[in-house]
Structure formats: structure tokens, C-alpha cells
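**Student:** Each chain, written out:
2 protein chains.
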Amino acid sequence: MTTSHGRLYIVGLGPGDAGFLTHDASAALEEAQDVIGYAPYVARVPARPGQTRLASDNRVEIDRAREALSRAAAGRIVAVVSGGDPGVFAMASAVFEAVELGEPTWRDLDIRVLPGISAMQAAAARLGAPLGHDFCVISLSDNLKPWDAIAARLGHAARGDFVIALYNPASRARPQRIHHAFAILRELLAPETVVVFAKSVGRAEENILVTQLAAADPSQVDMSTLVIVGARGTRVIARTAGKPFVYTSRKAP
Amino acid sequence: MTTSHGRLYIVGLGPGDAGFLTHDASAALEEAQDVIGYAPYVARVPARPGQTRLASDNRVEIDRAREALSRAAAGRIVAVVSGGDPGVFAMASAVFEAVELGEPTWRDLDIRVLPGISAMQAAAARLGAPLGHDFCVISLSDNLKPWDAIAARLGHAARGDFVIALYNPASRARPQRIHHAFAILRELLAPETVVVFAKSVGRAEENILVTQLAAADPSQVDMSTLVIVGARGTRVIARTAGKPFVYTSRKAP
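Quick note, the sequences are listed as chains A and E, same order. Counting in numbering that gives the first Met the number 0, the first sequence runs from 0 upward without gaps. Counting in numbering that gives the first Met the number 0, the second sequence runs from 0 upward without gaps.
What the hints contain is simulated information worked out from the structure, not anything from laboratory work. Warning: the hint list may mix true and false statements.
No distinction is drawn between identical chains; accordingly, a pair holds when it is met within one copy or between any pair of copies.
Stated by the list, open to error - In the BS3-like style, the derived pairs of lysine-lysine whose C-alpha atoms are separated by at most 30 Å in a straight line are: (1) K250 <-> K144; (2) K198 <-> K250; (3) K144 <-> K198; (4) K198 <-> K242.
Use the sequences and the hints to build the structure in full.
**Tutor:** The structure is reproduced here in C-alpha cells:
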């Protein structure tokens, strides 16, 4: 497809399995002349003759966003690809930050965000419906915000009896964040609070553990783990075979 | 497709436009022998010869869930359909509540939740990346929980400087909920806090308003509106033409 005007798609690839892709996301990946993203995400896009592929390191989000914007401004059809939903702790915020701080003409580019299934949704679907009532979503990454702000949010989420989904619970450089977070949650929540560690959801090595706050071992959490901490209304349904269902009641507990 | 064992899919249809459907959701809708759901959602499923379609009123979620479980237990391939993501204020929680309270054999049924793009994700994508950092998701419906619990959660979300997505902000029977919610938020948040009213996202009548807390008029909010209230890090980027971009910075403000 050729065009005289550039366009920037910011595409959510979902959490691994291609079945999570939306039809709009698939269409944008076919249309794109340039595919830009963190290398493991670019590798998930089916190769197409003539399509340029630019795979980069994960720590250069703003550079990647600028490169994508420059290409769209030059008339290219560009797809920035992101795991999960690009709007949830992923590339979309970096692209709009680059727009705000970059060339004034970038503000009038044709930029289209195509949402995807985020890790919390895929994990919730595997379990039942743990996000079935009011919930909070918190990134534990303290690269760009102080730990005190994260700790305060964890406190509000726990006191408000929200279900809590934790992204970026640990990194190679900072494996201790999830231990600090659990210390805060254990002060505020009942020992029998439902806790889920959902590792590599949607990928071959998927592994989901359902436990309780008192028994949960944060050292089992790694970069690929999505952590869900239940509210008072979160319930576990035992089954004869296989892992239990987990859901959060729509009623006040 | 025939099978000797029943199966229950709980399928997210996304927020209107078929482009938001995932490939897994499309496949399940084709495979299903019985499609069950609130009438406007069933109407969005392409008709297929031989497929039974059971459309019901919105207020009988548990009855609908029991009907679906009974059919799956009898060996049928059943799809319960839901707008958005069935795991976010939609049918999945009702189905698992019915499992917990229903026939013991229902616990061992093959139940598969297929997540969808929720209204907040579609609205966020249209705007830019307002959910690009820590956020809370709250239903204002007080059908199943007391208003005091909702008010307390709004307070925690505001004090924690979360972006806030509000579902079910008003209903025909209770149009005042969003007024009460804004009264709470205006006590706690700055007048210039970014507010978005996203009406009928993904449908022909889509209408998105970007404003500020001081100027926002809650009487413009109806049943089909998703409300997003920004955090301190939520920013608006003006454009020469068209509506502005809205995104939440990944950095502490």
C-alpha cells in the first residue's frame, strides 16, 4: 500500500499467543512499511517482504519513539509494536511524551493507538474473573518515580479494598521491589487474602500459582510475572482436577 | 464441529467496532453451538446457520450464567458474549458466581474466558495514553455494593494520585451517581485535573470530550459514557486540527 501521507500505528501485540491479537492490530502489521520495537516484540511480527524491521534494546523507549515519529513525518507507514496493550505501562506513553517534547509538526501526525490484551487481562482470563470488580493497576518500577510514591499507592489500594494488579514487580537490577511491596501489603491486608503469581501468561512456559498473602513467597516473582492481590470479595473455587477458579464478586463482601 | 464434551466460552466482544475483536474470540463465536447474552451483544455476533441464539435482558446475569452452564454440562459448545472484556465489570464474574453456588459438577466444566478490549482501553487509545501510568478502575453502580464503599474508593484513588477510570457512571434509575462522585473528586483534586468523557467509543455515535475537573459538567454523562479522571502526571497536547492528545507521563510529576 502506498500513500503520500505518513501514519504511525502504536500496536498492542497482546501477551504472547497470536490468538490474543485484534483484527485491527493484524491489519496494521500487514500495512506497515516499517516495524519498530523492542527486539522480542518485533520477532513476534510475521515477516513480510519489503517491510523494514528495526529492533532495539528495551531501555531506549524515547529514542525508538523519535525514530518512529521521524519516519511517519517523512511519509512512511510505521508500526511501533508493544507487548500487551501499548496504553498500559508500554510504548504509547513514551510516544506521546516524544510528541510533546519533539518537532511541533509531530503533533499533527496521523497517530493511531491500537489497543491489545494486557497481561492482567490474560492472567485474569486464565484464572476466572479476579478483576471482576474495582481494581488498581500499579507498576513497581522505580526507574522513573520514587519508591515512596509507589509505597503510598500500595497503601491506598490496600485500604480501599481494591483488587491490585502489579506490573514490573522485579527486575534483574532491582529484585527486592516485590519484597518491599509485600511487606506493605502484609501490614494492611488479611493473611488469607488471595494472591496470584502469573508467569509468562500466553507463552509456552506459562505457570500460574494461586496462594494466600501469608504463604506467598515473593522470591518466586520475576520480570515475567504479573502479580494479582485479591480484595475481600475475591474467592477461590476448588476443582476436582486442575487449578482452582478465582473470581471477585460484584457484591460487597 | 462436534464433540462429546461441552465447553463454555466467555467471550469479550470489545467496545463495538469488530476490529477490536481478537482472533480467539472470532474463532469461539464460529465454533459455538449456542450464543447467549444481553440482546445488543448477541446482535453483534454474525449469524451462523444452526447456531442457537438466546438474547436476554441485562438484569438477569445470573439466570443467563446458569442457562449457559446447564447447556455446557449437557455437552453443548456455548458462548456467553459480553461487551468489552468479560473480566472487567461484565459477565465472567457472574458466571463464576453461578459456578460457586450451582451444581458441584459445574466446577469441572471446561470454561474458557477470552478477554476483549475494555471500554477504558478503547477510549484511552482514541485519546493517546491517559492510562499510561498507575490507574484505578471503579464501577459507580450501587446495585450490589453500598455507596459508602464507592465513595471510600474514590477517596483512596484520588489521594493516591491514580488515573481513575469510572464505569457505569450513571443509569436511567440513578442519574445522580456521577454528580456525587464529582463532588468527592472536587474536594480532593486540583481544578485543572484532566477529565475525559468518552461516549459510545467504537460506535458510530462516538463522542469524546476533553476538559478539566472545574469545568466538567457531570450532567453530560450517561450510561454509554466512560469517564477518565487524570492524575497529576496527565498531560494534554494541543493540536492544530482535531482534538488534543492526552497521555499520562511515566515520570513522577
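**Student:** All hints, please: hold or fail.
**Tutor:** Verification of the supplied hints:
no.: 1; hint: K250 <-> K144; in the structure: between (35 Å within a copy, 6 Å between copies)
no.: 2; hint: K198 <-> K250; in the structure: both (29 Å within a copy, 26 Å between copies)
no.: 3; hint: K144 <-> K198; in the structure: within (25 Å within a copy, 32 Å between copies)
no.: 4; hint: K198 <-> K242; in the structure: within (14 Å within a copy, 39 Å between copies)
Comparing the model with each numbered hint stated earlier shows that all of them hold.
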